[in-house]
Each structure stands twice: as structure tokens, then as C-alpha cells.
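A.B. asks: Each chain, letter by letter, is given below.
Number of protein chains: 2
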Amino acid sequence: MSGYSVIPVAGIGEVVPGDDVAALVLTALEASGLVLLNGDVVVVTHKIVSKAEGRLRPAVDDADYRSIIEEEAAAVVRRRGALMITQTRHGFICANAGVDRSNVPGDQAVLLPLDPDASAHGIRRKLEAACGVGLGVVVTDTFGRAWRRGLVDVAIGVSGVDAIADLRGTTDMQGRVLDVTEVAVVDEIAAAADLAMGKASGVPVVVIRGLGLAPGEGRASDLVRPAAEDMFR
Amino acid sequence: MSGYSVIPVAGIGEVVPGDDVAALVLTALEASGLVLLNGDVVVVTHKIVSKAEGRLRPAVDDADYRSIIEEEAAAVVRRRGALMITQTRHGFICANAGVDRSNVPGDQAVLLPLDPDASAHGIRRKLEAACGVGLGVVVTDTFGRAWRRGLVDVAIGVSGVDAIADLRGTTDMQGRVLDVTEVAVVDEIAAAADLAMGKASGVPVVVIRGLGLAPGEGRASDLVRPAAEDMFR
Numbered sequence: 001m002s003g004y005s006v007i008p009v010a011g012i013g014e015v016v017p018g019d020d021v022a023a024l025v026l027t028a029l030e031a032s033g034l035v036l037l038n039g040d041v042v043v044v045t046h047k048i049v050s051k052a053e054g055r056l057r058p059a060v061d062d063a064d065y066r067s068i069i070e071e072e073a074a075a076v077v078r079r080r081g082a083l084m085i086t087q088t089r090h091g092f093i094c095a096n097a098g099v100d101r102s103n104v105p106g107d108q109a110v111l112l113p114l115d116p117d118a119s120a121h122g123i124r125r126k127l128e129a130a131c132g133v134g135l136g137v138v139v140t141d142t143f144g145r146a147w148r149r150g151l152v153d154v155a156i157g158v159s160g161v162d163a164i165a166d167l168r169g170t171t172d173m174q175g176r177v178l179d180v181t182e183v184a185v186v187d188e189i190a191a192a193a194d195l196a197m198g199k200a201s202g203v204p205v206v207v208i209r210g211l212g213l214a215p216g217e218g219r220a221s222d223l224v225r226p227a228a229e230d231m232f233r
Numbered sequence: 234m235s236g237y238s239v240i241p242v243a244g245i246g247e248v249v250p251g252d253d254v255a256a257l258v259l260t261a262l263e264a265s266g267l268v269l270l271n272g273d274v275v276v277v278t279h280k281i282v283s284k285a286e287g288r289l290r291p292a293v294d295d296a297d298y299r300s301i302i303e304e305e306a307a308a309v310v311r312r313r314g315a316l317m318i319t320q321t322r323h324g325f326i327c328a329n330a331g332v333d334r335s336n337v338p339g340d341q342a343v344l345l346p347l348d349p350d351a352s353a354h355g356i357r358r359k360l361e362a363a364c365g366v367g368l369g370v371v372v373t374d375t376f377g378r379a380w381r382r383g384l385v386d387v388a389i390g391v392s393g394v395d396a397i398a399d400l401r402g403t404t405d406m407q408g409r410v411l412d413v414t415e416v417a418v419v420d421e422i423a424a425a426a427d428l429a430m431g432k433a434s435g436v437p438v439v440v441i442r443g444l445g446l447a448p449g450e451g452r453a454s455d456l457v458r459p460a461a462e463d464m465f466r
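If you read the protein sequences in the order shown, they are chains D and P. In terms of the numbering used here, the first sequence is residues 1 to 233. In terms of the numbering used here, the second sequence is residues 234 to 466.
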């Protein structure tokens, strides 16, 4: 393969409830002269998806914020001081049920989309119809990790590509069968996208071009480890 | 920013103990006509670093493999069937103490480098001296996650860039102070690199160009969460 490129899509302004994310992306692409190609993966930070879907709640003070988190969380896995490690209704384990107050105007908190896989799917269908190409769409959020400092972006919604590349049963360069090689491709895509988004630069969408992924039916829910496999709940 | 690109470095063959990884990279770059530029980040999968450093042990059967893991692990965090979740001497939490049998010739297991940050530093110094530019070097391994299925590449050795971009105290687009925004930039770099490496395609080195990172003194050991902060040991 000849490598790939990560292209930020500038010019998407503040998103408000009722906005059409795909339409905003298309307008920004047109303004920047960027044409989507077959096989491109469009990565969208969930914050603009949540805002467009009206997933906002008033949060004037810390008490409001905490009660929203408790309402959003399906379960609290750990609690230390103000930090809650939670399981969301989608099954994701993350801090504060994914409820966030940064990059939100006024005294509001932004919640995760109700069904981020469906959000990704809707955006993909509209972009594909408008551009006449096959795409992947990944919706991302920023998660911590149990044993590594610092946050990384991960996929919380997926459409058009596999979430996990299952290389089990294929062979390595030595002809040895690879026994445990399920790569979380869409999480690596989310991380790659975040490097071009920056945290405060206001670029909520990037296009990843040249990955050469086959079309797939993956969903971010494929990434949720079943409780029976979980050794650290 | 105008985006970035991820360029695989083809043509690095089987690496054996005593090889000079930087020299192998320079030869492969020259053969492919690729010239390193100031600010490039060179990402190297640890497997070729470990092989060059002679971090190989005979492992004819599963019993050999298990005894190497037990020797390499500083602590076993969880054990389920044949799977051991371990803490390595470096402080990383990962399966099987990072000991691996795929992509290794003959009946051998490959261990993690003794000091991957030092390995990264040595490679960087040689590449910088040969090319007359400032670089980052990241050495990677493939880790699982507690609550997400699938593996992702992470940084286990770093030189020339910060491991974590500390955005605490900066403001978002709304002027609100970002309270928790330490981004594990080098883990996102490792993930981005893996998308171009593939698992079985034999590309152990990629160049990431255009990230625009400032030079830094980071180390992968910065990513190890201190025991006092660990809620899931």
C-alpha cells in the first residue's frame, strides 16, 4: 500500500439542534474544494452529532452536571471523588457517562447520541447519495484508559466499514497462524483523526483517504466487550 | 493545519540480533526515494527493535512460552485460562508480558526491549545525525483494552516529542477552560501508524509527516498510570 492521508474539513461552525450534519459536511467540503472519493472514511466528532440531534441539557452548576451523569449512566463502575467511571446505555465504559461541558455554548452539557451507529449510518447514506461514492463514517468520542495516562479518541458509531479486522487464522510473514489478531480498526481510525482535529481548534470532521478498507457492516457496538469476557468490571 | 500523511517504509527484511535499526531504516528510505523532513515522526514496531537487540528466547512449546512470560512479568494482574494480564517491568499492563510468537522465525519468542524509550532515543539520534533534521521516534506494540474488543497499537518507546499533550488550562472554542484534556498523542500516533502497517504485510516502519508537533522530551513511561491513580488493578 502507498500510505494514506488525513485531511481536516474546516469551516463547520457552531452546530445547533435540528442541523443536518451531512449537509454541513457537504457545504464545508464544497467551500474547501474537497471532493469525496470512493473508499474515503469521514470521521465526525460526536459533539456536533449530539448537538444536531438536540442531545443537550441545561447544566448551570456542578450539581446539575452530576445529576445528568447519573441519569445518563446505565451503571457506575467506579467512583473516586468527582470522577465517575460509568457504563453507558450503549455498553461503553467511560468517564461521566460521556457527558461533557467543553465546547458547548452557554450553561449546557452535551450527551452522547442515543444510537451513534444509527447516527453514523444516516450521515453515510446522505453523503453517499450526494457524492455517488461508497464511504465509511466513524463517529468519535474521547475516552480515558484504565492503565494509561492521557485520553485517546475512539469510535462510538460506525457505518460502512468493519469495526474489527479479524485476522485470526491468517498467517504472518513466517507462515505461522496468527492466533490473536483482532484489530480494532475503527478505534485506530478515530485516533488518527483526532491528531488532525486538535482539541481546541474547532475542526470536528476529517476525511481519511487511502486506507484501502473493504466495505463492511461493522458497528461500534461490536467493540463492546461482553460482560462474560470482562475481567476488570 | 493542512492535514498529515502516513507513509509506509517498505523493504526492511528479516531483522537479526546485532542489526542497526536506524541503518536499516535509512537504507530502506534511500531505496524508496523517501527523504526525511524536519518534524517527521518515524514509527517503528518494537518487534524489529527487540530482534535487533537480541531480545529473543527459544520457545519450542507452550510450556516454554509460559515460563518466559512468567519470567518477564513484574506482576500478574489477572489470569484466565491461558491468558495472563500482566504488568511489565516498564509498568505497562498488557497480555502475556508483551511476549509474542508471531512474526518470529523458528521456535522463538520475542520479548519487549529492556528500555524502549532508550531504544527510541538511540534510533532518533542516528536518524537525525544522518539526515540533519529534527525528528520524533515512536516504538510501538499491540495491546488489548480492558473494556473494548480488538487490539490497537500503542507507544512503548518515545523520543523527540511529548508523549502527552497537556491542554489543561487552555480554552475551548467557547472560551471555557478545558479541565481534563491530556491527550495521549503518541498512542494516537501509534494507532495511526498501525493502519498503514497492517498485521501481516511486513511493513514495520512508517513515516508520519505533517503533524506539526513541537519538539518534546516525552517518554512512553509518562503514559504509565501511577498505582495511586489506578482504579482497576
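Everything labelled a hint here was simulated from the structure, so no lab data went into it. Possibly wrong hints are sitting among the right ones.
As the list claims (entries may be wrong) - Cβ-Cβ distance ranges computed for the label pairs, FRET-style:
id, chain 1, residue 1, chain 2, residue 2, range
1, P, Pro338, D, Ala228, 34 to 44 Å
2, P, Leu259, D, Asp61, 56 to 66 Å
3, D, Pro215, P, Ala447, 19 to 29 Å
4, D, Gln108, P, Ala363, 47 to 57 Å
5, D, Gly91, P, Leu259, 30 to 40 Å
6, D, Ala228, P, Ala308, 46 to 56 Å
7, D, Ala10, P, Asp399, 39 to 49 Å
Unchecked claim - Residues from chain D that face chain P, not an exhaustive set, calculated with beta carbons under 8 Å:
id, residue
8, Gly11
9, Ile12
10, Val15
11, Val16
12, Arg66
13, Val76
14, Arg78
15, Cys131
16, Arg149
Unchecked claim - Residues of chain D clear of chain P, computed beta-carbon distances all greater than 10 Å:
id, residue
17, Pro17
18, Pro58
19, Asp61
20, Ile164
21, Met231
Quantities reported herein were computed from a predicted structural model and do not represent experimental measurements. In this text, a Cβ means the ideal position worked out from N, Cα and C, and glycines have one as well.
A.B. asks: Measuring from the C-beta of D/Arg149 to each C-beta in chain P, is the shortest one below 8 Å?
C.D. replies: holds, 5 Å
A.B. asks: Check the non-interface label on D/Ile164: least C-beta distance to chain P beyond 10 Å or not.
C.D. replies: The assertion about D/Ile164 is violated, with a minimum of 4 Å to chain P.
A.B. asks: Is the interface hint for D/Val76 satisfied, with its Cβ closer than 8 Å to some Cβ of chain P?
C.D. replies: violated, 12 Å
A.B. asks: Taking 8 Å as the limit, does the beta-carbon of D/Val15 come near enough to a beta-carbon in chain P?
C.D. replies: Check failed: Cβ of D/Val15 comes no nearer than 11 Å to chain P, outside 8 Å.
A.B. asks: Are all C-beta atoms of chain P more than 10 Å from that of D/Met231?
C.D. replies: violated, 5 Å
A.B. asks: Once the closest CB in chain P is found, is it more than 10 Å from D/Pro58?
C.D. replies: At about 15 Å from chain P, D/Pro58 clears the 10 Å cut-off, so the statement holds.
A.B. asks: Is it true that D/Ala228 and P/Ala308 lie within 46 to 56 Å of each other by Cβ?
C.D. replies: violated, 25 Å
A.B. asks: Under 8 Å, Cβ to Cβ, is where D/Val16 needs to be relative to chain P, so tell me if that hint holds or is violated.
C.D. replies: violated, 14 Å
A.B. asks: Closer than 8 Å between Cβ atoms is the bar; does D/Cys131 clear it against chain P? Give me holds or violated.
C.D. replies: Nearest chain P Cβ about 19 Å off; hint violated.
A.B. asks: Let's test the interface hint: is any C-beta of chain P closer than 8 Å to that of D/Arg66?
C.D. replies: For D/Arg66, the interface hint is violated, since the closest Cβ of chain P sits about 14 Å away, which is over 8 Å.
A.B. asks: Checking a non-interface call: every C-beta of chain P should be farther than 10 Å from the C-beta of D/Asp61. Is that right?
C.D. replies: D/Asp61 clear of chain P: closest Cβ-Cβ about 14 Å, beyond 10 Å.
A.B. asks: Could one say that the CB atoms of D/Gln108 and P/Ala363 fall in the range 47 to 57 Å?
C.D. replies: 53 Å Cβ-Cβ, so the 47 to 57 Å window holds.
Checked against the numbered hints given earlier, this structure breaks hints 3, 5, 6, 7, 8, 9, 10, 11, 12, 13, 15, 20, 21; the rest are met.
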